[in-house]
Amino acid sequence: GDSVTQMQGQVTLSEDDFLFINCTYSTTWYPTLFWYVQYPGEGPQLLLKVTTANNKGISRGFEATYDKRTTSFHLQKASVQESDSAVYYCVLGGHDSGYNKLTFGKGTVLLVSP
Amino acid sequence: EAAVTQSPRSKVAVTGGKVTLSCHQTNNHDYMYWYRQDTGHGLRLIHYSYVADSTEKGDIPDGYKASRPSQENFSLILELASLSQTAVYFCASSDPTLSNERLFFGHGTKLSVL
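Which chain is which? The protein sequence lines are A and B, in order. Residue numbering for the first sequence follows our numbering, starting at 9 and increasing by one per position. Residue numbering for the second sequence follows our numbering, starting at 1124 and increasing by one per position.
In short, the hints are calculated from the structure, not lab data. Treat the hints with care, since some could be wrong.
Said to hold, decoys possible - Below, computed lysine-lysine pairings styled on BS3-like, alpha-carbon distance capped at 27 Å: (1) Lys109(A) <-> Lys1188(B); (2) Lys57(A) <-> Lys1188(B); (3) Lys109(A) <-> Lys1180(B).
To be verified - Pulled a few chain B residues facing chain A out of the computed Cβ check, cut under 10 Å: (4) Arg1167; (5) Asp1182; (6) Pro1184; (7) Ser1190; (8) Ser1217; (9) Arg1225; (10) Leu1226; (11) Phe1227; (12) Phe1228; (13) His1230; (14) Gly1231; (15) Ser1235.
By construction, the Cβ of each residue, glycine as well, lies at the ideal position given by its N, Cα and C atoms.
Work out the full structure: start from the sequences and follow the hints.
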């Protein structure tokens, strides 16, 4: 079945640092890739979608890229702010029993200090 | 803006007792989901539903039942709560005409089984 591996459990940065989070995936279907973000006390929400057409997605200063050769996708931001502190999930979209099933990674906790 | 409301926001239950978690959405979405969130496991799908009066098993359905009496309402039922079911539970909805790619989550229910 589909799977997604998110190795970084926690990332600690200071404001204006560069952020890079990496995930790898496995699927027999054409992959659709997403990043979801969960702020404290809230449910997860869609941050951006990586379209395999141009291998990139951009939203709110975050950029995600996709590498079909290594079956990996990454989330990066040039300069993080304290308000970016949250849990970031890489998510693989696929087909299961006739509907587009989402498979979530384990999440990366981002802590940004001022 | 899409709205998914969960109740209660938190609950303490005794081992062996019955627990019902409720979810109400005003998005007019056909699909609804129950996820469980545990540290180190991310989000895992318990049950989902794509139409009223019908539910489907997700990846970890054992020990849980679901009920979808209407398009707007979706409940998760723990007939015999166990310690291992202590977790945060999230309800979500999605629109199949948009490939179910964007899930709208509620704020979660923190369940503690003692």
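Okay, the hints, checked on the actual structure:
Between Lys109(A) and Lys1188(B) the alpha-carbon distance is near 20 Å, which keeps this suggested pair within the 27 Å criterion. Of the pairs offered as hints, the one joining Lys57(A) and Lys1188(B) is violated, with about 32 Å between alpha carbons and a cut-off of 27 Å exceeded. Distance check on the hinted pair: Lys109(A) and Lys1180(B) sit about 12 Å apart at the alpha-carbon level, within 27 Å; holds. Taking 10 Å as the C-beta contact cut-off toward chain A, the hint placing Arg1167(B) at the interface holds, the least distance being around 8 Å.
Proximity of Asp1182(B) to chain A holds as hinted, the smallest CB-CB distance being about 9 Å (cut-off 10 Å). For Pro1184(B), the suggested interface contact is broken, since its CB lies about 13 Å from the closest CB of chain A, more than 10 Å. The restraint placing Ser1190(B) at the interface with chain A is violated, with a minimum CB-CB distance near 19 Å, outside the 10 Å limit. Annotation: Ser1217(B) was flagged as interfacial toward chain A, and the flag holds, the nearest CB pair being 9 Å apart, inside 10 Å.
Checking Arg1225(B) against chain A: minimum C-beta separation of about 5 Å stays under 10 Å; hint holds. About 7 Å separates the beta-carbon of Leu1226(B) from the nearest beta-carbon of chain A, less than 10 Å, and the hint is met. Among the interface hints, the one on Phe1227(B) holds; its C-beta lies about 8 Å from the nearest C-beta in chain A, closer than the 10 Å criterion. Residue-level restraint check for Phe1228(B) holds (minimum Cβ-Cβ distance to chain A is 3 Å; threshold 10 Å).
For the restraint placing His1230(B) at the interface with chain A, the shortest Cβ-Cβ distance is roughly 6 Å, inside the 10 Å limit, so the hint holds. Hint status for Gly1231(B) relative to chain A: holds, with the closest Cβ pair at about 6 Å, below 10 Å. The interface hint given for Ser1235(B) is broken, as the beta carbon of that residue sits about 17 Å from the closest beta carbon of chain A, more than 10 Å.
Hints 2, 6, 7, 15 from the earlier list are contradicted by this structure; the remaining hints agree with it.
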